[in-house]
Every structure is written in C-alpha cells, then in structure tokens.
Amino acid sequence: MRTRSEELQIRTKGKGTYEITDEIQQVIADHKVQNGIVAVFVQHTSCSLLIMENAAPAARRDLERFFDKLVPENSEYEHDDEGPDDMPAHIRMALTRTSETIPIDSGKLQLGTWQGIFLFEHRHSPHKRRVGLTLIGE
Amino acid sequence: MRTRSEELQIRTKGKGTYEITDEIQQVIADHKVQNGIVAVFVQHTSCSLLIMENAAPAARRDLERFFDKLVPENSEYEHDDEGPDDMPAHIRMALTRTSETIPIDSGKLQLGTWQGIFLFEHRHSPHKRRVGLTLIGE
Amino acid sequence: MRTRSEELQIRTKGKGTYEITDEIQQVIADHKVQNGIVAVFVQHTSCSLLIMENAAPAARRDLERFFDKLVPENSEYEHDDEGPDDMPAHIRMALTRTSETIPIDSGKLQLGTWQGIFLFEHRHSPHKRRVGLTLIGE
Chain P
1 MRTRSEELQI RTKGKGTYEI TDEIQQVIAD HKVQNGIVAV FVQHTSCSLL
51 IMENAAPAAR RDLERFFDKL VPENSEYEHD DEGPDDMPAH IRMALTRTSE
101 TIPIDSGKLQ LGTWQGIFLF EHRHSPHKRR VGLTLIGE
Chain V
1 MRTRSEELQI RTKGKGTYEI TDEIQQVIAD HKVQNGIVAV FVQHTSCSLL
51 IMENAAPAAR RDLERFFDKL VPENSEYEHD DEGPDDMPAH IRMALTRTSE
101 TIPIDSGKLQ LGTWQGIFLF EHRHSPHKRR VGLTLIGE
Chain C
1 MRTRSEELQI RTKGKGTYEI TDEIQQVIAD HKVQNGIVAV FVQHTSCSLL
51 IMENAAPAAR RDLERFFDKL VPENSEYEHD DEGPDDMPAH IRMALTRTSE
101 TIPIDSGKLQ LGTWQGIFLF EHRHSPHKRR VGLTLIGE
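Residue numbers (the working numbering), protein chains in the order written: chain P, 1 to 138; chain V, 1 to 138; chain C, 1 to 138.
If we strip away everything but chain P, and leave its shape as in the complex, we get (with noise of 0.2 Å):
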C-alpha cells in the first residue's frame, strides 16, 4: 500500500459549481490505483466542495440559490475587506465541505449513480483554485 499526491488547478469564472470527478478519476487512473480512497481537500476558505445530483442543472440552480438568500450579500458584515461578497463566502464555505474521503474500487471512484464531486466557487470574480489529492491504497 501506497500513499501518492497530486494537486489539481481548477479556473473558476465567478459563482457556481464546478465538476470536478473526471479530473479526479483521471488522477487515480495515472497512478494505477486499484482499491483505497482518495481524499480531496479544497486549500481556499472561500470555495468549497460539494458532492451534489450531476444530471440535472437545475437542482444546481436552486441549491445555489438557497445559498444566496441563507447568507445574503447585502448585510452588514464587520469583515468586508474584499467586497460584499467575501464573508458570505467563507460562511457559506462552513455550511459545505473542505475535505471529502471518496472510496476508490478495482480503478473507479465509487460514486453513487446521480453524484458528482463539484468546486462550489463562492467568489464573483475569476480565481484560480488548488484541490489536493491524496491517493492510498494498492
């Protein structure tokens, strides 16, 4: 059994949700793992990971939209250094996910059949995002 690392680079071009799981899945083919995990760690306070439906883009839409008026732009923050949009950020990156620890089985992801593993992008503007990979197994 073996440990290997890679980082992937995901371009965000403001908010939404970015699918990520083929990116993964490539990840753990090149490394030729058969049987372990992987455990995804998003190294940013203000995106988040989110394993959510990945057929229908309007489930996406509301999700994201409940989002928004949970934690809304337009109230009063004492942290606002980069804008409106930079508390809500790290807050709604608090009610989702950093790190998720996925099963890998004989090569494939085991995902159940409607879910992806998606970058939730919290920021307005285009931002460069680091997502670590931690491959373990045989």
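It is worth saying that the hints were derived from the structure and are not from the lab.
Honestly, I wouldn't trust all of these hints.
Claimed, not checked - In silico EDC-like pairs for lysine to aspartate or glutamate, Cα to Cα no more than 20 Å straight-line:
(1) P:108 - P:23
(2) P:108 - P:22
(3) C:69 - P:73
(4) P:69 - V:73
(5) P:108 - V:7
(6) P:15 - P:105
(7) P:69 - V:76
(8) C:13 - C:76
(9) V:128 - V:22
(10) P:32 - P:22
(11) P:69 - V:80
(12) C:69 - P:68
(13) V:15 - C:78
(14) C:69 - P:7
(15) V:69 - C:86
(16) P:108 - V:6
(17) V:69 - C:78
(18) P:32 - P:7
(19) P:13 - P:82
(20) V:108 - C:6
(21) V:69 - C:80
(22) V:69 - C:19
(23) V:69 - C:76
(24) P:15 - V:80
(25) P:69 - C:80
Fit chains V and C to the known structure of chain P by using the hints.
Relative to the frame of chain P, chains V and C by itself:
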C-alpha cells in the same frame, strides 16, 4: 497495512435518522482491523451522514425539525421532478455530510461517549441506501 | 506505510473558535510523517471542526454571529436538558464538521495560505475537548 471495503445496505422508511454505528463496528470486527480509520461514504444525494447525540431521541427530533424549517418543502424550487421533497433533500444533504472518517483504536470505533453514526434520510418514501465503508489500517 | 494515533486535549472557555493548527502540525513532526494524511476527528456532539480564514479575527466573529442568528438559543426546543445552549450546540455541530482529512506533504500540513484548523466550541461553559488524530503515511 491493508485496505478493505464493504457496503452496508440500509432500508429507510421515510424521513428521519437511522443509527448505523453497530453495523459499522461489526464490519471492523469482521475484518479484524485493530488500528486505523474507517472512511464512511453515502452513495446518494438525497440522504446524508450525521454524527449525533445517540442517547436522547428528542435531540434528533429537534434537529430534524430545524432542517424541516430551514429548508421548507413548500417552497418553490425549479427542480421538483420527484415531488416537493426532492430539492429540499439535496439541500439538507449539502448542509450535512456525505463522508466521515472515523478513527479505530484497539478494534473499536473511537467515538465519544454520546456519539452515534446515523444515516439521515431526507425522502418521504422508503429507500434502499448504500453506504460504503473503507477500512485502512492493520 | 504506517498508521499512528494521538489525542489532543483542548480546554475551551466558552463559545468561539480555538485554533489547533500548530498542535496538529507538532504531532505530525513528532511522528516524522512525511507524506500522507491526517484524519482529524472531534469526539463530541456539542462542538465541531472548522477550517477557516486564520488571519482576520473579524471573519471568525462574523461567522460566529451568523450561527448564533441561524440557530437561536432562545427558540423552543424539546431537548433542553443542559440549558438553552444545549440543542443549538448540536445543530451548529451538524451544520459544520466532525471529521476533516488533511494532506501532509514533506512533513507539513498542506493547508492553503489563509487556512487554519479550529475547534468550534458551541457551549457557554468551559469544557475539556478531545480531538483524535490519525496519521496515515510514510
């Protein structure tokens, strides 16, 4: 050190929390893992994982009521292919967890005194749910 | 590759966020783990984990105020055995995290520039909290 995997199948009978601590502990015992981790992964987007107070059922009822109120089923969602509990299920899943990584020490789950592991079902109708367990350790 | 475990004990003095990044980094150094993961697990249901902006204390104050408002302590809960902060503590825990899996590279936690690891205490009175660390790597 080795990696081993199993799948739990959990039958749910509508919304609520279903404890799966004993089932996970049994898999650890079956595989004779003494020290390491178990990565728990729920393969669905309309139910989730929860590590919660396991002694007082009232605490889980309060928690379920909180999520019912925070993510109402009578709201207007764009995505409602499977009825009014479809989209709220995805949102409640996103607000809780899809994966948890739990330590194993001397063959036992290292949970706190009051912690139990639960499948949190967000759909009204009965479902058969799959939970992947990956054991890494020795 | 080996697995090693340690337990941190954190004394909290009421609600708030307590940084534990340095303590975790020290355990990694003590065990001389170069590459792999650390699985962090909080053994309680009334405090949680948070990976959050570590530079601006105002950002953490905003986040704490958000959770105070979202899960009010003056609401009526069925479960209030330990007072008005009992049930809100469990709900705030469920909305954040119990476990996080963080990559280690060249002996260092692979956190982003602004990320810190925090224990998020939800109870008013002082508590001694236990955080399990499992290191898997080489």
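Tested hints:
no.: 1; hint: P:108 - P:23; verdict: holds (12 Å)
no.: 2; hint: P:108 - P:22; verdict: holds (11 Å)
no.: 3; hint: C:69 - P:73; verdict: holds (16 Å)
no.: 4; hint: P:69 - V:73; verdict: holds (16 Å)
no.: 5; hint: P:108 - V:7; verdict: holds (15 Å)
no.: 6; hint: P:15 - P:105; verdict: violated (33 Å)
no.: 7; hint: P:69 - V:76; verdict: holds (13 Å)
no.: 8; hint: C:13 - C:76; verdict: violated (25 Å)
no.: 9; hint: V:128 - V:22; verdict: holds (18 Å)
no.: 10; hint: P:32 - P:22; verdict: holds (15 Å)
no.: 11; hint: P:69 - V:80; verdict: holds (19 Å)
no.: 12; hint: C:69 - P:68; verdict: holds (16 Å)
no.: 13; hint: V:15 - C:78; verdict: holds (19 Å)
no.: 14; hint: C:69 - P:7; verdict: violated (37 Å)
no.: 15; hint: V:69 - C:86; verdict: holds (19 Å)
no.: 16; hint: P:108 - V:6; verdict: holds (15 Å)
no.: 17; hint: V:69 - C:78; verdict: holds (15 Å)
no.: 18; hint: P:32 - P:7; verdict: holds (16 Å)
no.: 19; hint: P:13 - P:82; verdict: holds (17 Å)
no.: 20; hint: V:108 - C:6; verdict: holds (15 Å)
no.: 21; hint: V:69 - C:80; verdict: holds (19 Å)
no.: 22; hint: V:69 - C:19; verdict: violated (32 Å)
no.: 23; hint: V:69 - C:76; verdict: holds (13 Å)
no.: 24; hint: P:15 - V:80; verdict: violated (23 Å)
no.: 25; hint: P:69 - C:80; verdict: violated (29 Å)
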